[in-house]
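**Student:** Position chains B, C and D with the ligands relative to chain A; hints supplied.
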Amino acid sequence: MSVVTLAQALNRSLEHALAEMDDVVVMGEDVGRTGGVFRITDGLADKFGPDRVIDTPVAESGIAGVGFGMAVGGLRPVLEMQFMGFSYPAFDQIINHVARIRHRSRHRFTAPLVIRIPYGGGIGAAEHHSESAEAIYCHTPGLKVVVPSRPGDAAGLLRSAIEDPDPVVFLEPIRLYRSVKEDVPDTSFTTPIGAASVEREGSDLTIIAWGAMMKEAREAAAALVEQGVDTEVLDVRSLVPLDVESLVASVQKTGRAIVVHEAPRTVGFGAEIVAQIQQRCLYHLQAPVERVTGWDTIFPLKRSEHVYLPSVERILAAANTVLSA
Amino acid sequence: MSVVTLAQALNRSLEHALAEMDDVVVMGEDVGRTGGVFRITDGLADKFGPDRVIDTPVAESGIAGVGFGMAVGGLRPVLEMQFMGFSYPAFDQIINHVARIRHRSRHRFTAPLVIRIPYGGGIGAAEHHSESAEAIYCHTPGLKVVVPSRPGDAAGLLRSAIEDPDPVVFLEPIRLYRSVKEDVPDTSFTTPIGAASVEREGSDLTIIAWGAMMKEAREAAAALVEQGVDTEVLDVRSLVPLDVESLVASVQKTGRAIVVHEAPRTVGFGAEIVAQIQQRCLYHLQAPVERVTGWDTIFPLKRSEHVYLPSVERILAAANTVLSA
Amino acid sequence: MLQILTPSGDLVAEAPLDLDMTTRLYRALVFARAYDRKSTALQKQGRLATYAPFEGQEAAQVGSAAALNPDDWLVGTYRDAAAMWMQGYPLDLLFAGRTGDERGGSPPEPINVMPPSITVGGHMVHAVGLAWAERLQGSDRVAITYFGDGATSEGDFHEAMNFAGVFDVGCVFFCQNNGWAISMPRESQTASETIAQKAIAYGMPGIQVDGNDLFAVFSATRDAVLRARLGEGPTLIEAMTYRLGPHTTADDPSRYRTEDESAEWRRKDPLERVRIYLSERDRWSEEWQAEIEAQASAEVEEAVAAAEALDPPGVAGVFDAMFADLPPILAEQRRMAEEAE
Amino acid sequence: MLQILTPSGDLVAEAPLDLDMTTRLYRALVFARAYDRKSTALQKQGRLATYAPFEGQEAAQVGSAAALNPDDWLVGTYRDAAAMWMQGYPLDLLFAGRTGDERGGSPPEPINVMPPSITVGGHMVHAVGLAWAERLQGSDRVAITYFGDGATSEGDFHEAMNFAGVFDVGCVFFCQNNGWAISMPRESQTASETIAQKAIAYGMPGIQVDGNDLFAVFSATRDAVLRARLGEGPTLIEAMTYRLGPHTTADDPSRYRTEDESAEWRRKDPLERVRIYLSERDRWSEEWQAEIEAQASAEVEEAVAAAEALDPPGVAGVFDAMFADLPPILAEQRRMAEEAE
Ligand SMILES: Cc1ncc(C[n+]2csc(CCOP(=O)(O)OP(=O)(O)O)c2C)c(N)n1
Ligand SMILES: Cc1ncc(C[n+]2csc(CCOP(=O)(O)OP(=O)(O)O)c2C)c(N)n1
Ligand SMILES: [Mg+2]
Ligand SMILES: [Mg+2]
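Same order as they appear, the protein sequences are chains A, B, C and D. Read in order, the letters of the first sequence correspond to residues 50 to 374 in our numbering. Read in order, the letters of the second sequence correspond to residues 50 to 374 in our numbering. Read in order, the letters of the third sequence correspond to residues 5 to 345 in our numbering. Read in order, the letters of the fourth sequence correspond to residues 5 to 345 in our numbering.
Just chain A, same shape as in the assembly (with noise of 0.2 Å):
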């Protein structure tokens, strides 16, 4: 075990995938050379050569279209988008044939491969640098999507997800590279797919999130523990598949929740989560499920980056709505 960040906790499951599996590669824009924008290829490039760590030209829809038929033909590569709001540009080979192939194939043909994607605001970007757009993978079937919010479910998860037999988005919260550190385990690991993580045990309210904004989740229930409301906190973890099981648990003992995502609120997961919850659990519900999510607005640059993004005090203000329904 040692501690490290999730960047490195990534860069090292990286590594042990590249070492125990043949069949792995990694390929995007400045993942060799230079080890990636956020460095979470560093070093892999000189231990494992220019095959197995491949800097791309600058064009999404190759990687993603190549890596593609890489993955059809036996390998299992490790896509970067440099950024999400990069990532739109392969959104018609992800959506169209990525996800579809096994489908369209009767399991003939499968494209075991994962698509990282760094993603989430708070870091004072330009424009296209901050953006959550995890609803709409989440909406094309085929596709899975995970997102860690800690360094040791960063490394299992995304080892899960290379070992996975079909296509899985694994989205980083940028904010959270260097700013969590964790006891992680120094050989490899996997965390499974489709389960969330109850961080917390509470009855009173249920937070549910995750990425970047369980970080706000966390400190949201300390605050509201301190006021003697005893919190319970989810992370979701892998948002397809949805663990719904936990979800309908945590709701039905505490008869309120909240959800809290950075994403524009329309159509965004959290209105999935609603839709389950209140379908499972209405009956138990004591209050209407609240949303605290970014703005229905473009992600804005650094001078207004707090306007948008759900703080503590907006899911504490959510969370007084909800208990005193």
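The set of hints was computed from the structure by calculation and includes no laboratory data. Note that CB positions come from ideal geometry on N, CA and C, so glycine has one too. Hints are supplied without guarantee of correctness; some may be wrong.
As the list claims (entries may be wrong) - Some chain B residues close to chain D (C-beta under 7 Å, calculated; not the full set):
id, residue
1, Phe97
2, Asp100
3, Ala108
4, Ser110
5, Gly114
6, Gly123
7, Leu124
8, Asn145
9, Arg153
10, His156
11, Val274
12, Gln276
13, Val278
**Tutor:** The following block gives chains B, C and D with the ligands in isolation, referenced to the frame of chain A:
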């Protein structure tokens, strides 16, 4: 007034716009010489010439991006994507540029364009020809998204979309192109964007739908009325902006609701509608809102369409669930 | 433009195939045409969904596919059934796909032919990835991808060509320039003088061949495949041909082109010139023609019957190939679908 | 490769600009460099967000923009501030954008410069549409679009070039080939020998120029702009230049390239050769240099101060330019955001 199909209504609305508004151009694959694969632009090239009705190379990103440039440059392009499944290559242009230029430039540059997208299944088509990805466009801040289900609305909403100062994604239910007819004014007119239409008033149950699914919604409602269930039918028409007020008024009255759509269930637009209803009408709900939707699967080919598509029977089964809760 | 066999059946360069092989490929041409016409007929009867006929393009498809090894990858479009069939894709599955059955997309192992691409342009990058994966795994299998003149306008064509050039991937880009992309004539598709010359933008060789000339197509493809197999990189081939029929059975070409144009291309029929060539060498007779046509017809009928005899795919057809294992929400939806049946 | 003024300041062809104009443009070069260095310095102090320096590319930007009419359209990238400023984009707005304020994207009318494109490749199609819209509205305004060597790999480059070629749009494609796309050297970006030759794939002229040569850049762009304005169609210009600094202030070039390489390009400095040229013609002196540097510095400081003096954009900055009129749900969210403030 004359009785026209939805396809004819669209064709006439385009003709009126081209005749009455100098800045309108129509652009897309095969929209000129051959009048579009669905003949929606039939005859327009002959009447208005190749500078107003433009046949393009096969390049959807180009169509959207060049059309965007034209819009910023002072025109009002009406762009056609041949099928929704072929609009994904244009997704980057639509989400990263079309939807954002007003915000990016603080009103200095704007993109008053319309993207017409034939969509939906039930026509036994090849892969990619039948999907309903409205949720993806609805989750994109900066776009309006409208869907007519009647010829009159088709003509009026299209004209509103063309006159709108902001980009509008205009979804055309393929299955309704020639299967619905109604009396429509012979001159141009607008139908406001942002207002749902209550097609039938009722007090026991609200059925909410849009686009091609209005057919099933209407049929199910008729069957229910026959069974003595006073059913309200709501045609959403405008997904963004959503007419929350009408939704809320209806559900507060009936206390029971079903939302129907063809798109996959997970994070489909139905989730947003459920989330809005549970937020605003939780205490009025007599039963969980039911979603009758496509499954979280690839839209199937002809032989399996019936398994996927929401049917009158599935709506009636859901009604039964909702009514007996 | 490379030409070996003229429309009147004269050799203007050495034949790249011996007479036995030429006879076999002529048979394949006849077979392809039978398949194509039968498909159009079946569509008219409502037994197939919309069909995209390739009449006129038989030599381009048969001649190029003939240059492949049996285990090479082939990535084609909705209009490339003849090439796919040449490379081993079962006829009944081709029909099954057209009846609207996903099982049509599942050729048996070890056939390395992808199900036909319905989106225009998106599949060429796949061939690049396939060829590259083979090389990285130490194999010398190559990939060929078929596409039309219209497809060259899509961004993905560019990205595929660029990747192939940069990484020297063993991929053959085979463009059937059939003059039209639905209603769009080739001249309006791109201002490039030829499609072949687009290769220069990617540092790879490009060659234009008479696509209705079986020998020219075979010869150019054989050379490109060899280059690819030897690790010398990709090639772009532009085969000049013509779609004699409509874009699909739902299309009406009279809206955008003249009868004259089609009539002129009829005179360059890709089958006729091989027939003359064989006939002049005593390898063709009316009886034999009747015989192979009858065989083709019988095989095609059999394949149609097999496709139509497939059980309805049912709920399993919608759900069971979404993932290796069905996740809980999908399993729940599957149960709901079963109930609704 | 077109060259007019050598790195040592010698003319090898006729100068396309008179001495007055050359003097003015030299001043612009000095100004651009001052802006660029100041921006890097401010970023280091945390006053600007990540900055993409263009040092080494001043002549490419200044020389090309100098060939435009004041109302022509300019569509550039994050690295094209000098060209944008030349075309009238206010300095303080350039800075405002970099402080993370959307108001930086709003140049006053009638300046026809789009806010800088942050995505690579997506903006070239916009220039095509702008130029086309002008023509359809009877104007002879043209559009120029700036992009890097890396951007030529994106599908949208291809679609932009293809549309421009097919419709003979009055658009100038100006590629600053600065040798690198972040860590990717030009040779690995495409196997094409030059980027200029890619023009042949679109039936348009392509020309390679010494991008560090103010005269060559101006001359080639002037010709291309004239063609565009006369309705003769688009041109691709490849300006051979070099990014002397890091990709952005967050980048460390030592991870992927040698000091030697940069040092070699230092010797081809785009300012120095014009300085020598002017100096040899008695149009340059140390005092004057000091004077224009001081002026540049003062103007830049002033612009920074103006940008930094902008009120916080607040809730209005997030909501009020989403649509012409705020729809009800957004208005509701706006109220919620106000409450949370
Ligand atoms: C991405 C995409 N856009 C549009 C279409 C609709 N479409 C089907 S075939 C076709 C024309 C293709 O022409 P070409 O590439 O020349 O092939 P051909 O049909 O002539 O064989 C178009 C536009 C599509 N299938 N996919
Ligand atoms: C669509 C997209 N993909 C990736 C990026 C990340 N990125 C920013 S600049 C850059 C390299 C661009 O190189 P080039 O076009 O040569 O321009 P230069 O930076 O050298 O001026 C990349 C990959 C981006 N901004 N947009
Ligand atoms: Mg064609
Ligand atoms: Mg560059």
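**Student:** Sort out which numbered hints this structure fails and list those numbers smallest first.
**Tutor:** 1, 11, 12 and 13
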